[in-house]
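Engineer: Build out the structure end to end from the sequences listed, making use of the hints.
The lines below spell out each chain.
There are 4 protein chains.
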Amino acid sequence: MNTEQHPDIARLVISCPDQHGIVAAVSELIADLGGNIITLDQYSTGVEDGQFFQRTVFHLPDFARRRHQVQRQLEERLVPRFSMQLELTAAAEPKRVAIFASKTDHCLLDLLWRHRRGDLPMDIAMVVSNHPDLEADVQRFGIEFHHVPVDRENKAAAESEHLNLLHGKVDLVVLARYMQILSPEFLDQVGVPVINIHHSFLPAFIGAGPYQKAKDRGVKLIGATAHYVTEDLDEGPIIEQDVIRVSHADDVAQLTRFGADVERAVLSRAVKWHCEDRVIRHGATTIVFQG
Amino acid sequence: MNTEQHPDIARLVISCPDQHGIVAAVSELIADLGGNIITLDQYSTGVEDGQFFQRTVFHLPDFARRRHQVQRQLEERLVPRFSMQLELTAAAEPKRVAIFASKTDHCLLDLLWRHRRGDLPMDIAMVVSNHPDLEADVQRFGIEFHHVPVDRENKAAAESEHLNLLHGKVDLVVLARYMQILSPEFLDQVGVPVINIHHSFLPAFIGAGPYQKAKDRGVKLIGATAHYVTEDLDEGPIIEQDVIRVSHADDVAQLTRFGADVERAVLSRAVKWHCEDRVIRHGATTIVFQG
Amino acid sequence: MNTEQHPDIARLVISCPDQHGIVAAVSELIADLGGNIITLDQYSTGVEDGQFFQRTVFHLPDFARRRHQVQRQLEERLVPRFSMQLELTAAAEPKRVAIFASKTDHCLLDLLWRHRRGDLPMDIAMVVSNHPDLEADVQRFGIEFHHVPVDRENKAAAESEHLNLLHGKVDLVVLARYMQILSPEFLDQVGVPVINIHHSFLPAFIGAGPYQKAKDRGVKLIGATAHYVTEDLDEGPIIEQDVIRVSHADDVAQLTRFGADVERAVLSRAVKWHCEDRVIRHGATTIVFQG
Amino acid sequence: MNTEQHPDIARLVISCPDQHGIVAAVSELIADLGGNIITLDQYSTGVEDGQFFQRTVFHLPDFARRRHQVQRQLEERLVPRFSMQLELTAAAEPKRVAIFASKTDHCLLDLLWRHRRGDLPMDIAMVVSNHPDLEADVQRFGIEFHHVPVDRENKAAAESEHLNLLHGKVDLVVLARYMQILSPEFLDQVGVPVINIHHSFLPAFIGAGPYQKAKDRGVKLIGATAHYVTEDLDEGPIIEQDVIRVSHADDVAQLTRFGADVERAVLSRAVKWHCEDRVIRHGATTIVFQG
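Residue numbers (UniProt numbering), protein chains in the order written: chain A, 1 to 291; chain B, 1 to 291; chain C, 1 to 291; chain D, 1 to 291.
The hints are simulated quantities; they were obtained by calculation from the structure and are not laboratory data.
C-beta atoms are modelled at their ideal positions from N, C-alpha and C, and glycine is treated no differently.
Any given hint could turn out to be false.
[Claimed, not checked] The calculated lysine-lysine pairs, modelled on DSBU-like cross-linking and capped at a C-alpha distance of 35 Å, are:
1. K215(B) x K215(A)
2. K272(D) x K215(A)
3. K215(B) x K272(C)
4. K272(B) x K272(A)
5. K272(A) x K215(D)
6. K103(D) x K103(B)
7. K213(A) x K272(D)
8. K272(C) x K103(A)
9. K215(C) x K213(B)
10. K272(A) x K103(C)
11. K155(B) x K103(B)
12. K272(D) x K103(B)
[Said to hold, decoys possible] Heads up, incomplete: computed chain D residues facing chain A, CB under 7 Å, no partners named:
13. L202
14. P203
15. K220
16. L221
17. P237
18. H248
19. A284
20. T285
[Unchecked claim] Have a look at the derived ranges for each label pair, beta carbon to beta carbon:
21. A284(A) x D151(D): 35 to 43 Å
22. V252(A) x P132(B): 53 to 61 Å
23. A136(B) x D133(D): 20 to 28 Å
24. D251(B) x S247(D): 34 to 42 Å
25. R65(D) x Q189(C): 55 to 63 Å
26. K103(A) x D49(D): 27 to 35 Å
27. A92(C) x K103(A): 22 to 30 Å
28. E76(A) x G118(C): 57 to 65 Å
29. G207(A) x E93(C): 37 to 45 Å
Structural biologist: As structure tokens, this is what we get:
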């Protein structure tokens, strides 16, 4: 159900060691506060042990004003009892997002356009690029564009500039075919999740020229994976994947075009789900409540 | 999570007009009874009104023995308060299923084989056919086969025989390419859900020879729809659909083969979901909790 | 193989009653002219009768200059002998296309972006709309935009204006969610193929509000069909179809968004294939050589 | 088009360095012999150089009797002129196939059923297994079953027995989840193509327990790859691939079941295309003419 327009809709995402009575305690508390549960998705990794995850969307009259009180109640009544991690958000308050791009436009334009149509519940705070090429495209959407060149010598300085631009302004960074590796220091300091998109093949091809390698090996599927960025490059928790069918008759240029199509679709879905608080990280994996 | 092996796993499926406190009341009651919720899927058709649906899978020590007590408690504490419809089942107790078939074997064999592998949580009570062709195949799986010929003259008598065979022995009837129309009287009296599979195209083709018509019209996708049978032939609530890509080079025989592939896959998924109590009928539609 | 950059690449698309020796005659003639076949796709509707179709891409040194000679030779040596219809085009010479749109931008923008990126081998001669809303978007791509309002009273006059705009300037008209029905007179006089996109469901829903109807019926797949426009509205030869999976949890707005995604993908593929001379109309169907 | 029933249908598959006039020479020769081309698929890896591939299906009256003459003509007139490799087969003469299996039945049974239904144009000469478990299933289809146990000590002897069983009796070996590695010596001596199926993931997981690893990594797609076996285990030319969508809620058992579904579908398609002479090996890749 589309609940983004309502100012009184809250989302609560929790995670804790499984035990009896969690759903009851949470739903009782929401009922006590005068709330009505609209959607509840829940998952446990085991029958009697393991980890418990829940996403609850509820309607609470006057939520905007009462938000801090609700947060306090949740923390007092749930956190100590269940050793719970919880996050309370307002559905009407969009995530603030920075998009990093380089020269290719397919992922960036898809995000900008879906955002303009109202399909992505987020505010785009800025676009950052190591190249100036996409500036005009971005500005036509009325969005700030920052050109921060990056090369081997200035990388640390460039990342400092990135951190200054982002500081306090964004809840999420999206790498929309940004062709620079982020340093562990940057990831430490950025303080918000970072989502990346990369091509994927069966089997995998390591290193440069993956589409040429895919062609040389005669793969029949071209794929893409959206994942959270960790220090293990291209190895963070997977949010979404998809593939597209190709044939021997497709040359490397055509494979690359198909790859662009699947990349932009997969990244847009991953960003949307993240902004709707549907994705919970759990070690090397994710729980994605698509309900 | 696979919960079919545990004798103490219960499933509760409920539906009622939406109001505050339903999730809380249900989860509190389960906690009071000593149960632990493993999976909870919930859906409402509107923010503050509409219909509320919930599927809850929970672990309750000694459930097999305590089942009637649990059922009574649920009925006393939930039904009057919420005008609730509820169904309590034991995950370890498979649905008893009758499969109706005619001459084509693809849907029937896929069900029998998946059942033998342990992929379908059901007991196959019998196979009923209006033709003898598939008898040997069925018996090799150690399953009863009943040949009940049907023609224009004996249709009422045949359906009486069907009702006698089924009476008290099954919880579900699956039409696995059964090429006879069930009468409204039969549907009234059978007392259990009936699932059917039929081919589907974009656009739809009415009447005989649909694959020839699909060929003549140059469709690029061949589909199948599994649905509950109602008196409106091929128009009952849809459980699952899928398609397969075809080309101008496929002749009618090949289109029919592709159709068989998608039919057996769609029917097997629909039967599995039904047997796991994942499908809730709601007027002309279904809620399917795939979590 | 990507052959669009080469000035000496010719495409020959033929159709005729099947008989012995067609492939031999065509390939011999090409060899005689000094050409080398790069790709040949061929299809017959029957073993010894029926209709024969062939798309041949060949390299012929100095083709641009010799094109008329080649056309004349083909006509003299093939048409009378085989009662053949043939079309000779230069791969390097893009089709000139007019795009008709109304207020929704998803199909239009997808075509404009892909075109800018070099993915669609066509020239966009103009965009025509019955509303002014998309003018700024179109002009940013440096493409002519014509606002031709259409209402019940001025429809004939508007279509005259359309014909004036198009006359001699385009090889194809693409309806990218153009929400006006073209009159039979317009279709008679426009003299070039017209491609349309529309939503498709299993089963089909006729009339207004199809996404609401799809929601009410609980469909699990949302589809789109690209087809050539004939006087039978939404019933012309199908070029391409695809679907996307949806669930009970998607509201009508979300179904409509999914519909937009599949519409733009299907339309872009259909336009690309048409512009590459891969699509041959044959009565109510098409042959699509995707090789 | 379905051409398997016709005794007079020939298939010619050729490969050679590209040069002018190949299509013409082949089609002329077929016309000279009195044949009529039904389907012609052709592909070159480059515009003016590279490798040329063609699959031609043609009708030739009295082909069964004239086959050796046709073969001789092709060899005399085409091989020296074009340095051509060619293979001439009769569509009505099915490939003779040996299926190797171990304990899991999903791939094996799918092949046996499709074969019985007439969907796979092949004769199953025998099933060979290193375990006795599937014997009853195989014999019900009236097919020879050979139990050849394999362990570390007797591997060479077992492979000798395999070679004896296969010698002169089969045109293709299909590994339907056969859990033994074939030695380079066996591959050298078997003298016919060997097709294998294995699971595939994005990213790839090496070694034992791949489904557990896929679960631990949170993959959203489970795939399978059918390929020709070479000495590089799981690295031979890819014939077909496909994937199925999974979610965090699927446990390892369910992932394995989905894997089985996609494996049997992919293997059956690969075997069918091979038996229809649609697959041409070219170094590490394949050309697959699906027309």
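Engineer: The structure should be examined with respect to each hint, and the outcome stated for every one.
Structural biologist: Hints and how they fare:
no.	hint	in the structure
1	K215(B) x K215(A)	33 Å, holds
2	K272(D) x K215(A)	23 Å, holds
3	K215(B) x K272(C)	23 Å, holds
4	K272(B) x K272(A)	30 Å, holds
5	K272(A) x K215(D)	23 Å, holds
6	K103(D) x K103(B)	30 Å, holds
7	K213(A) x K272(D)	27 Å, holds
8	K272(C) x K103(A)	24 Å, holds
9	K215(C) x K213(B)	27 Å, holds
10	K272(A) x K103(C)	24 Å, holds
11	K155(B) x K103(B)	18 Å, holds
12	K272(D) x K103(B)	24 Å, holds
13	L202	4 Å, holds
14	P203	5 Å, holds
15	K220	4 Å, holds
16	L221	5 Å, holds
17	P237	6 Å, holds
18	H248	5 Å, holds
19	A284	6 Å, holds
20	T285	3 Å, holds
21	A284(A) x D151(D): 35 to 43 Å	37 Å, holds
22	V252(A) x P132(B): 53 to 61 Å	57 Å, holds
23	A136(B) x D133(D): 20 to 28 Å	21 Å, holds
24	D251(B) x S247(D): 34 to 42 Å	37 Å, holds
25	R65(D) x Q189(C): 55 to 63 Å	58 Å, holds
26	K103(A) x D49(D): 27 to 35 Å	32 Å, holds
27	A92(C) x K103(A): 22 to 30 Å	26 Å, holds
28	E76(A) x G118(C): 57 to 65 Å	59 Å, holds
29	G207(A) x E93(C): 37 to 45 Å	39 Å, holds
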